[in-house]
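Novice: Listed below are the residues making up each chain.
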Amino acid sequence: MKQGKYLNSASRFSLITLALLLSFSSIVFAQEATADEGAAESETTAAAQGGDAAAGKALFNANCAACHKLYSRATGPELYNVTERRDRDWLYRWIKNNKELRDSGDPEAIAIYEEYNQTAMNLFPQLTNADIDDILAYTDTPKPEPKAPVNAGGGAQGGGGGVSSTIILAILAVVLVMLVAVLFLVNNTLRKFAVAQGVELPVKESRKPIWKAFVENQFLVLVCVIVLLLGGAYFAYGWMMQVGVDQGYQPIQPIHYSHRIHAGDNQIECKYCHSSARTSKTSGIPSLNVCMNCHKSISEVADQTSEFSSVTEDYSKEFYDKEIQKLYKATGWDPATQSYSGETQAVEWVRIHKLPDFAYFNHSQHVSVAGVQCQTCHGPVEEMEIMYQNAPLTMGWCINCHRETDVKMDGNPYYEKIHEELSKKYGVEQLTAAQMGGLECGKCHY
Amino acid sequence: MSSNKKYWKSVEELNENSSIVEALKQNEFAQEIPMDEFLGDKDSLDASSTTRRDFLKYVGFSTAAATLAACEGPVNKSIPYVVAPERITAGKADYYATTMADGFDFASVLVKTREGRPIKIENNKLAASLGGNNARVHASVLSMYDTKRLQGPKIDGADASWEELDSQLGDKLKNLGGKSIVLLTQTFASPSTSKLISEFSAAYPNVKHVVYDAVSENDALDAFESKFGMRALPDYDFSEAEVIISVGADILGDWQGGGFGPSYSKSRVPKNGKMSRHVQFEANMTLSGANADKRVPMTPSEQKKAVAAIQRIVAGGSSDTGLSPELDEAVKNAAKQLKNAGSKGVFVTGVQDVNAQTVALSINETIGSTIIDTQAPKMTREGDAQAVQQLIQDMNAGSVGAVLIAGVNPAYSLPNVEAFKTGLEKVDVKVSFNMKEDETGLLCNYLAPAPHYLESWGDVEIKKGQICLTQPTIRPLFNTRQFQDTLLAWVGQDVSYYDYLKNNWSNTSVSWNQALHDGFVAGTVQASTGEEETAEVSSSSQNGAVSLSSALAALNQEGGASGYELTLYSSTGLGDGQQANNPWLQEFPDPITRTSWDNYLTMSKVDADKLGVENEITSKGALNGSYVNLTLDDVALENVPVYIQPGQAPGSVGLALGYGKKAAVQEEMQVGVNAYPLYKEFSATQSVQIEKASGWHEFACVQMQNTMAGRADDIVRETTLEIFNTKDVHAWNPVGEVDYNHSEISVRDKNADIWESFDDTMGPHFNLSIDLNACTGCGACVIACHAENNVPVVGKQEVRNFRDMHWLRIDRYYSSADTFEEETKTLEELPAFDSYSVVEKQSYDNPEVAFQPVMCQHCNHAPCETVCPVAAIGHGRQGQNQMTYNRCVGTRYCANNCPYKVRRFNWFLYSENDEFDYNMNNDLGRMVLNPDVTVRSRGVMEKCSFCIQMTQKTILDAKREGRAVEDGEFATACSNACDNGAIKFGDVNMEDSEIVALKNDKRKYYLLEDIGVKPNVFYHVKVKNTAEV
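Each protein sequence line maps, in turn, to chains A and B. Here the first sequence is numbered in the numbering used here, starting from 1 and rising by one per residue. Here the second sequence is numbered in the numbering used here, starting from 10001 and rising by one per residue.
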């Protein structure tokens, strides 16, 4: 059950070794490579069009990216090389006011409107022709060749490093064995030598064996037994207390969903997806239509997602893109036609956090009323590439928090009366959940 | 204390020397663990092939295996929606208003759904004017998750598709060769369905619609129709009533559709020194008789005379009743009181005779009663007995080509079922639209199953002019189609019934969504219905107007019946028997007899002695009864168990309908005998011959259990209205006293308290108030508690072993003598040692009855808490006595130490256990479980929690919305279910709340207050209006 977390330790080790062995040269090489590519890119774009591709990129991201992609169809058509397919003047008119163009009876415009299920494109009268040139300059940027992965060579070398370390270890082992053998031989030879020389070797006195002495010393036996029993009991207790406690449980999920990317890199608020945590007992595993709110237009991860993270050396862009495809399969979404096929397939997530049935826990009580951060119990989710259970979720853990945490009462009229009464009783201004009655059995067990 | 009355629960208690009663007083658990049964049986031990060594090996292996298995936690899957429905949030309940209309029970309800599945029925408080909801309505949610339901259409016993069914039947119905098509249906009371049926009649040749009620109100309908020209039943609002005279009408039961409890209870609570007076003349002991101020046992034939006599006296005519002197006096007094009450009086009768019903209407007219409502009558019964009999004749004559049966089960519930069956064989096309393959379905060649009402659309006119809407609360569980949808398909309309319905109500003033939200549309609305469908029905039943004089003459001619006068009734649990496969209802103890899982012949002690019939109580406290054979002309019922019923009119016997159903009923629930064959001519009163049969029947009767250690004197407190109005509170509701420093102090004094008190002044502190005046014993709360708290069903044998699990029980106490004076006098006059038995024996003939709901009293000084060795019971600051199941190890010390005997022990695992094959043992039945309440395991003690999951939710909602909790928000399942207003729940730390007013009421008393446990449940003294004039 816990295999996932340590899955890659071996390769990680190898990579560190690789880094130590080959550090300087490879880094220098990588930097050069990127710089070269960048230069090449800007040259081509500047040469090809009259517009400024960099400014165009900014405009594109601000206005067009919600519906268009460069190299694949989204809500609207892919835009790469659109200048070759359409007349530039037509494009100015279409982009500024496509409705007018359609109303004027332009067959091209109507055809495209029909092709995309009569989904009207927004109007952009604010864009000047120069702006549009910039955008078109950007859209004509050819698809960059899949970069030779920065660490692709490194990977291979890393593999070599792995082999070499094994060899080194093997050599070391052989050396060690040889040393032992040499020492034994030397010792033997010296003995023979001594015998031959007639040197008298000291004869060991036959002493009482230590175990006999130990058995005869009953006091020592008793003390040892007691120590052993106590020690055994200590460890047995420790072992038994973890039975059924799944802290650190990190199962492999049917879809590799990275909280790190969503909650960490993209700063998506937890409750955007886990919306029922605000109002309901359960936080709710988001239904797939929630995913599709964004993933309708995000069919692949951005290059940076897999590029600049320290944890994702094992997760390539291809890997993540495949996971998004799994989502499309489950929801029956066809990105080519931008439509649902209607064939859905439920995703069977492996449940990580599970309280026993006799314990009642209400998310909204903690999230909405008390304002507890999700991370208080679930840990640094925004850093988790694979979700795991952070807290032990034992009763002692709950109770501790209820003893230590002050209840957030300010500004909630519900608490006014009881706060006044209780703070008088306990002589404190801040009340803990325990003082509110949060330790009563019946509050969680019914 | 309040009176010298002696209360008793069982006949056996009258026997002073009964060792059983003594033993049961002392024993919490009547049944020992049956160790001797298996250890004592030497043969079976010897026969066993397992040696001691093998046994140890098995133990060792299984322990090791279990340990190993425990190391690996199970992998749980969580499967979210692919596309989540907008309204459903996991973990939050949604409520939908809908309407139940199964032809017997009609009710506007609120359905609680969780994760899209209905789990509980609540009262629709917006529609309170439509009457109360009984136990069956509350249990109906479980009937949807019935494993015996039909899962799809069938043709000649083989599974089929709807398309096949439609195409085959479409042809056949059109080509019947001039034979008629008959729709044999339940009472739908649905304007849209009526319209649809008339469209169907237009589309097909020769269609007849016959409405059939299993339990008929034909006579009352005929009487009303001949007087008011509409086939309906008068409605009654008892809340303003001053005098209620009932002759055989079980107004708190299922009489004329039932639902009169709430308004009745309103009139029964003394306000400004006044309350209603209720006199009941009846043969069987019914809920109404039990609640009446004066109950007069009277056989059905005498009842007819009484009806006539009351009419004469009210009209100022002769006062000759022709009855025995005692009855004569009682009838005359009642008539006089009725006459004096004038418009605030009401006369009701359940005598099934068109003459009696005509007379009843005339009496109310004479006194100008405002209690009866004939302008907006109830539409919940339409059944036409003559038309049904005509249909059977027609079928036998071969003139019927097709029968379409919807919502009724005539092959089970018709008295002349053989004639029906032979007739049905001559019909070519037989279609059943019932939910199950019941007795009728087995005889039909087409089964077109309809969904449960919680899966259906519809409209129901419970009361004239008030349209209630039925809306689905879940997608149909099975491949079912509504009767109406099928009709629409057959008349060739390409719309769903939903659209049809919506279209019908498109021109009302209230928006469709608002109407669905409320569940009903009040006021006079007219649907755009087509032909008035009732006209056709009424023409066949036209008897001509019944003249009052001829009615009176007919009533008086009633001679004494030969044999025993049998009154058939529908029981509180099963009603007409439609929900016989519902384990909650089977396990529900009848309010009067406290017997579950059975029907039985109720008989008076006098008659039982005459016939040599006995009830005996075994050494373990369980009840056994003799069998008798009943004969009525050619019908014989064999081995009917007899329950000796105090208060049963001598010469009369009673038997409940609705039992003994076999088809589509699980074996465990095929209990009782089918009494419908005795229901000849749809008349509930019959004259039968009885002879004793051999053998003993084992009842699952809980009346001997949970005795309060012989301290019954102070448990139910009653007084009379006169004393209540004139005397000081100490005279009728005294507070106990104890000796302290050589002087008497009140038990409420703090010096009388040896306990250290909890500080309960902060935050909410819950109290529950039970008004014994308003409680009618209807049992809706018992079922509501069952549903809310996942209370298991244990089955007949375990109930017999006193291991029923009801958290809330309604104790029924009998007490002697008609009046307090009488009783006191008898006690004073008789020699000291005789008085006890004499008074008790007397009371046997006609005891007074008191109901008392008892649940955990949530003592502030709870005796159970102190004896728990593992501290599994805690005391909350909110006043709740908190049972922690996961901490309980099952010592049962707490149950022993509980003075109220409200703790229940899980002797077995009741969920997912084939030994207890009820709803918790199948996936379908488990869908009804409340996800917020733990399903308890074996070896754990449980009890009423004051519905802490509901109070916690109320608090959380207030916290989340940032506001204080308002009065009336806190509720428990029982207080929500009690539309009689007997059970009220609230926070006593909330100033000016209703519960504080109730707590300060002078009628308040605590159960067994003298023992000083300071309960959080209090009762209100029962006041009876015993004034004769």
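Any given hint could turn out to be false.
To be verified - Taking CB as the label site, the calculated pair distances span:
hint : chain 1 : residue 1 : chain 2 : residue 2 : range
1    : A       : Asp410    : B       : Leu10924  : 46 to 52 angstroms
2    : B       : Pro10734  : A       : Glu429    : 55 to 61 angstroms
3    : A       : Glu429    : B       : Asn11000  : 56 to 62 angstroms
Claimed, not checked - Straight-line Cα separation of at most 20 angstroms, DMTMM-like style, residue types lysine to aspartate or glutamate; simulated pairs:
hint : chain 1 : residue 1 : chain 2 : residue 2
4    : A       : Lys417    : B       : Glu10966
5    : A       : Lys417    : B       : Asp11001
6    : A       : Lys317    : A       : Glu300
7    : A       : Lys408    : B       : Asp10957
8    : A       : Lys417    : B       : Glu10961
9    : B       : Lys10077  : A       : Asp131
10   : B       : Lys10077  : A       : Glu300
To be clear, the hints were calculated from the coordinates, so they are not data collected in a lab. Quick caveat: nothing in here was measured; it's all calculated off a predicted structure. Ideal placement from N, C-alpha and C gives every residue a C-beta, glycine not left out.
Novice: If you test the structure against every hint from before, which numbers come out violated?
Specialist: 2, 3, 5, 9 and 10
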